[in-house]
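Could you build the full structure based on these sequences and the hints that come with them?
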Amino acid sequence: MSLLAGYAARIKLPEALNRHLSFDISSPNATKPIDIILAFMSGVLTGARRFAHIEALRHDEVIRELLGMKRFPSDITIMRFFKRFGQKELYEVFEPLRAVQIEQMTPPGDYTLDLDSSVFERYGKQEGALLGYNPKKHRRPSHHPLLATLAENDAVIHSWLRSGNTASVTGAIDFMSEAMSALPAGARVKIIRGDSGFDSEKVFAFLESGKLRYAVSARFTRGVKREVRTISDWRALDEDVSVSEIIFQAKSWSRGRRLVVIRQRDRPNDFVKGKELFDDKAYLYQGIFTDMPAAPDEVWRFYRKRAILETRIRIEMGLRDRRVLYEEVLCDGGGVPRGVFRL
1 MSLLAGYAAR IKLPEALNRH LSFDISSPNA TKPIDIILAF MSGVLTGARR FAHIEALRHD
61 EVIRELLGMK RFPSDITIMR FFKRFGQKEL YEVFEPLRAV QIEQMTPPGD YTLDLDSSVF
121 ERYGKQEGAL LGYNPKKHRR PSHHPLLATL AENDAVIHSW LRSGNTASVT GAIDFMSEAM
181 SALPAGARVK IIRGDSGFDS EKVFAFLESG KLRYAVSARF TRGVKREVRT ISDWRALDED
241 VSVSEIIFQA KSWSRGRRLV VIRQRDRPND FVKGKELFDD KAYLYQGIFT DMPAAPDEVW
301 RFYRKRAILE TRIRIEMGLR DRRVLYEEVL CDGGGVPRGV FRL
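Note that this note's numbering gives residue 216 to position 216 of the sequence shown, counting from 1, and the numbers run on in steps of one.
Source of the hints: derived by calculation from the structure; they are not laboratory data.
No false leads were mixed into what you were given.
Under the rule of at most 27 Å between Cα atoms (straight-line distance), these lysine-lysine pairs were calculated in the BS3-like manner:
1) K70 <-> K12
2) K281 <-> K305
3) K190 <-> K305
What follows is a set of in silico ranges between Cβ atoms, one per label pair, in the way DEER data are often shown:
4) W234 <-> E92: 48 to 58 Å
5) E92 <-> A295: 42 to 52 Å
6) K225 <-> R255: 17 to 27 Å
7) R229 <-> S252: 18 to 28 Å
Each residue gets a CB set at the ideal place from its N, CA and C atoms; glycine is no exception.
Below, the structure is given as structure tokens:
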């Protein structure tokens, strides 16, 4: 908790909360909004999965003094506070706070924007959890969030919490536009790195029109599989990995685009897995659509760095196999979580 207290003081979180939490408090004995927010954050950091779990911290005098509270709010007080948030309040409070945090973490310079469209299965009844494409848990309700992070500082600069029946590419261009507009002055996105949920000509055309480089994981559609099968000029990187490249154009596309293809033997300890495409079970395949001028092996190594970020995002945002505390109380009408803090 000393880390939370020090972090809050360093980024001047109390001052920012006081500026933007404009709720009227009628009773002189009412808990201050800033104390409720800090209590909620301390609960999350100590492993709380439900509001009731935060109640255990009420009797910890050390935590109360570290956070500068006269008294620690109850779980009922915290829940009632968050229920006061409508779409208007969410935008007015969390957008300025998010902008302050991103500005402090993101000095002027060029950045790589990582995009993730993972599917997370849900258990029990959770708002927005609907049946949709789920590669691991078929017929299981899920959420299908979009996340945008900066590779250079791991800052989560934008997120959408979408229902499980939402197609990956739905709203992708709007999401990218919002993410890039969230950057402070002097910070520029120079290259986009995304998973296969962003494999779409509309996405590619949008990035190309903005002169943004990209490296996006390819979906192995029938057309892609057919073209990959014809590749004969593989270049070996080592005894297990070979690379090649082709120009691929889907029937609905206006033009062809560069597709880097990686073929590797199935190695049990490799954290990046490809797909089995053909009868030869010894090899796994990956594809990356890109307009980068780099050699195929350099494109592959550049894209592999994104796999580390995927795992980090899932752990730090608490989206794997657990109920997220702010799902129901910090989402606006479109399902966009506004309470994302990187600690």
